[in-house]
Structure formats: structure tokens, C-alpha cells
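With the hints as constraints, model all of the structure from the sequences given.
For the sequence shown, position 206 (counting from the first letter as 1) is numbered 344 according to the working numbering, and the numbering increases by one without interruption.
It is worth saying that the hints were derived from the structure and are not from the lab. Source: prediction; values computed, not measured.
Listed below are the simulated DSS-like cross-link pairs for lysine-lysine, each with C-alpha atoms no more than 27 Å apart in a straight line: (1) Lys525 x Lys535; (2) Lys536 x Lys525; (3) Lys681 x Lys535; (4) Lys536 x Lys681.
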Amino acid sequence: MDRMAGPPAAATESAEATARQDSTIAIAVFVALAAALVVLFPFPPVLDYANHYARIWLLSGGISERPFPEIYAVDWNRTFTNVGIDLLATGIGPLVGADRLARALLFLAIVLPPLGAISLHRTLFGGRHYWQIAMLSLGWCATMIGGFINFQIGLGMALFFACADLRLQRRNFALLFAWRLAAALLLTVMHIFSLGFYMAIVCGLEFSWRFDVLRSKSGLVRLTSRLTLALGTCVLPPFALYLRSPALPDAGDNGLAFAWNDSVVLILMNLLSAITTYIPLVDVVLVLPLILICTRALRAGDIRVHAGLAVAAGGLLLLSCVSPRHMLGTGWISWRFPIMTALLAMAMVCPFASLSRRQALLLALVVNLAVFGRTGWIGWNWWLAQKDVAAVEAVLKKVPVGAAVLPLGHDPGMVSGLAHSSRYFFFREETFWHLPTLATPLAHAFVPTLFTAKGKQPLSVLPPWSEIAVPEGNLLSIGVLLCPAMMQVYENFTPYLSDWRGRFDFILVANADILDRYVGTVMPAGLTLIEDAGFAKLYAIDKAPPAEPLSIPAGCAAAL
Numbered sequence: 139m140d141r142m143a144g145p146p147a148a149a150t151e152s153a154e155a156t157a158r159q160d161s162t163i164a165i166a167v168f169v170a171l172a173a174a175l176v177v178l179f180p181f182p183p184v185l186d187y188a189n190h191y192a193r194i195w196l197l198s199g200g201i202s203e204r205p206f207p208e209i210y211a212v213d214w215n216r217t218f219t220n221v222g223i224d225l226l227a228t229g230i231g232p233l234v235g236a237d238r239l240a241r242a243l244l245f246l247a248i249v250l251p252p253l254g255a256i257s258l259h260r261t262l263f264g265g266r267h268y269w270q271i272a273m274l275s276l277g278w279c280a281t282m283i284g285g286f287i288n289f290q291i292g293l294g295m296a297l298f299f300a301c302a303d304l305r306l307q308r309r310n311f312a313l314l315f316a317w318r319l320a321a322a323l324l325l326t327v328m329h330i331f332s333l334g335f336y337m338a339i340v341c342g343l344e345f346s347w348r349f350d351v352l353r354s355k356s357g358l359v360r361l362t363s364r365l366t367l368a369l370g371t372c373v374l375p376p377f378a379l380y381l382r383s384p385a386l387p388d389a390g391d392n393g394l395a396f397a398w399n400d401s402v403v404l405i406l407m408n409l410l411s412a413i414t415t416y417i418p419l420v421d422v423v424l425v426l427p428l429i430l431i432c433t434r435a436l437r438a439g440d441i442r443v444h445a446g447l448a449v450a451a452g453g454l455l456l457l458s459c460v461s462p463r464h465m466l467g468t469g470w471i472s473w474r475f476p477i478m479t480a481l482l483a484m485a486m487v488c489p490f491a492s493l494s495r496r497q498a499l500l501l502a503l504v505v506n507l508a509v510f511g512r513t514g515w516i517g518w519n520w521w522l523a524q525k526d527v528a529a530v531e532a533v534l535k536k537v538p539v540g541a542a543v544l545p546l547g548h549d550p551g552m553v554s555g556l557a558h559s560s561r562y563f564f565f566r567e568e569t570f571w572h573l574p575t576l577a578t579p580l581a582h583a584f585v586p587t588l589f590t591a592k593g594k595q596p597l598s599v600l601p602p603w604s605e606i607a608v609p610e611g612n613l614l615s616i617g618v619l620l621c622p623a624m625m626q627v628y629e630n631f632t633p634y635l636s637d638w639r640g641r642f643d644f645i646l647v648a649n650a651d652i653l654d655r656y657v658g659t660v661m662p663a664g665l666t667l668i669e670d671a672g673f674a675k676l677y678a679i680d681k682a683p684p685a686e687p688l689s690i691p692a693g694c695a696a697a698l
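This is how it looks when you write it as C-alpha cells:
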């Protein structure tokens, strides 16, 4: 098979001097460590995980427990994609339990993407090269810490499916067509972006190893035909599912609601999402050795590259730069493409395939230190976050069944360093936004911010609770209740704020041990502190409006 490659290092060394590379043990250790993290830390600082956990609990049978039959309903016609974990929750959640299923899905979201890239690398290049250990580093990225579980699992599925696709390309066309239909159907159900990733990989594999195909007209015609058939086959399942259930995410009355990365700085930040977790500088330092390995291999001419996948990775890189940040009521659209690019870029190259024993040992040492250094960094932050989780669990014990809980938080002016590093990821995105949604499974209480978006989740909110619910919500500053200007801005898309005193029973304040930049520690009148657990505080709401007029803190001026 032709390969676009530099001169192999083995050409200058005797066969006896070439060391055997084997990445299996390191991969097994990483998988074991990921499993240990998931087992040890039930609610890690992963942004969307707590919200997904609450929905998994409802779909696994919790929806039949009081008071939820009067609050939620399940309607599978609301969406045709992004429902992989919802289907699993409905199908096997009652058998294995919501907690076990949620942890298993989180584990798969961590390990499937890098394992899929490793599988594709082994299919392309053969062997168990030490470079495959480096791919494990991509188990930790912004979409993982963001809790995009369907998306992450879908990426891994796409890579594994591409391995099977490559093996089928030289066999019966009917079998290949059937396989691509089945793969496209499964990926559409899991997450529509994972289908796009699969299509990009398949196109790269059809392109083959070298650019020679572009030099002849007949070769170019054959390539165009193969790509057209591949893409046409893959779009059939989502098109059919859309015709059956024409539900797409929406942004209310805001149309497509585009938000763009419209500066060089924002584009560079977006590209870093492929490696960013809690403190970007730490991630860059730990990933830099892996980049240097590739640059050193390029200078030495000891690197093999799959040309077709290089073209596909280039296309994904372009999308990383030009795709919108938000669209159709969906956040961080542009985060999806950098991690796709990184996974494909690492799978398409094989640096230093043939090394002497000493060189191989050095390479193994570098990649292991980089990968397990990052894993240790993640473990530290997950351990650090457990006291915050314990605080939320403590205050939720004071919430009676059927209560309505209003989640708010303290928004600090400055993000502190290592002491609270687990509370933020990427560039100042909070990881604790959705911890209050644990009130659903832990206290059997209503929270207005549970994921119930049409086009994304099958769960819907019934009247009259729908009047104070949002399909996707952030954790607003407590200042919104004290600063009229903030209230005027936010109540347009958070209707539960309009009559918060009359519709809610409790306020749960997260990040309460940090001063809010607008109001400090000031709370509205008519609240009674029920539980102070440090990170989380619980207040009971007096339904009667306070007699004294609202006192506006001086810091509210900063909210304008």
C-alpha cells in the first residue's frame, strides 16, 4: 500500500537495534484510572453532567415518583438526534439503576474518543506505537469537561465505525452500503455532529494515502463518485428521521441567533478547546511535549502521514475557525470542531515508528509523563470539587418533596487560582452551573433549569410548571433579584424570575463562599437562611412581599 512518508528511521539502523514499541499497558492503565475517577467521584466538576444525571434519573423511572408525574412528560417526537443517553436511560436505566448508568456513560465519554483514534491508527499503520499513548491526552478537552456526553460518545463511535468502514471498502458494495446506513443511523441518534465527523473520516479514507489520485482525470472521477456515494448514503438516515419528527433546536423568537468567534483571539481560544480543561496554561504546558514530538519527527523526516485524512483534518480545522460559537439555541457549536481536528490529526500521523531502544524509552517516557500528568491534574480537580458537591447535597437534605427551588449563584469579579480551580474551565466557564439540578433526584424537588429543549431532549415540562421553566438555563447571579437593571435584561428569557417570590419555595445559592461582584453577600428581604454549607446556602422564601422598599446595592451599577 502506498504511503505518504518520510524515510524510515530503521533504514539507518540494524534490525537488531530497533526497539519494539507496545502501548497496550499504558492504554490499559489510563482506562483503569478513568474508571477509578468515575467510581470515586460521583459528581465531578463536569458542567452539564449533573443536569444529564437528573434527566437520566427521571427517564430511568424517577418520573413516576411524586411529584414528577404532574411536572414532566416524555415525548419522543420532540427530537430525532442527541438522544443516545436518553434511549439508554429508558431502556436499561430501570435494570441497572440511574447512578450506574450515568457513571458508565461518563466513563465512555472520556475513553471512547481517544480509544477510537488509537483503533484507527492501528488499522492504518499497524503496530502498537508509543504515539498511541499520546492520543489518550485528548480524553480531556473542553467538550468533555463541558459534559457534552452524547457528543463525546458519538466521536468515539464515529472513529470505531470508520475502522470497520475501511475494512469493508474493498468488499461487496452492497455490504458497505448497508454498513454505512446502519452507522449513520446510530450516529444520528447519538449526536448529529458525530455523523458529520464520521462522514469526514470516511471521505478521507476514500481519498487514500497519497495525492496521486488528483493527477489523473479518471482517478479524480472515480474519487468523486466514491465520495458522492458515501456522503449520499450517510445523509439518508438523518433525512428520513427528520421527515418523521421535524423537530430542530430553536432560539425562541431570535431566529438562528448566531454568535461568532469574530476576532483572532476568539478563534485561537476556540482552537484551544481541543485541549483545555480547568486552567488553560496547565493544559498547554502538558500538551506541548506531544506537539514537539511531531515537529521533531517532521524535521527528522521520520513521520508517516495519511494524505486523505490530512485533507479531512484540514477541512475540520477550517470549520473550527469559521463556525458560529452559538446557533439555534445551542451553545459552543464551534467547540465541536477543534477536538474532531485533533483526534483525526493524531490518528493520521505516525512519528518515530522505528527507534533504537534508548530513543524508544525516551519517547515512551515523554508521552507517559504528558498523558498521566494531565490525568493527575484532572484527578486533583475532581477531588477538589467534592467538598462543593457535599455542600449542595447537605442543603438539599433540607428541601421537602415537591418544593420548587430557584437556583442562583455568586458571580465573582475575579477567578481565584488553584484553591478553586475546579469551579471553572476553559476561559472562566463555571463547572457548577448545574449542580442545583441535583434537587430533582436527591430531593424530589422542581428546578426550572433542567434540560428540556425541543430538538435535543425528549423530556418536556407540563403546565403550570412550564410557565416557570426554561429549556436550558444558566446560573444567574443573586444580584438579579436586587438589581432592577439586571432583572429587566434577564426576565425576557428567564420567565421564572417575574414572580420568583410567589412561585418558588427556596433559593439555593451556589458559590456562596465567594463574594458576588454586584451585591457581595447581600440577600433580598423576606428570606430565611435554612442551611449554610459554605459553597451552598439554602434560603426559605417568605411569600408575603416585604414592607420596606427594595434597597439597591451600589454594586448594581456595574451590571449596566
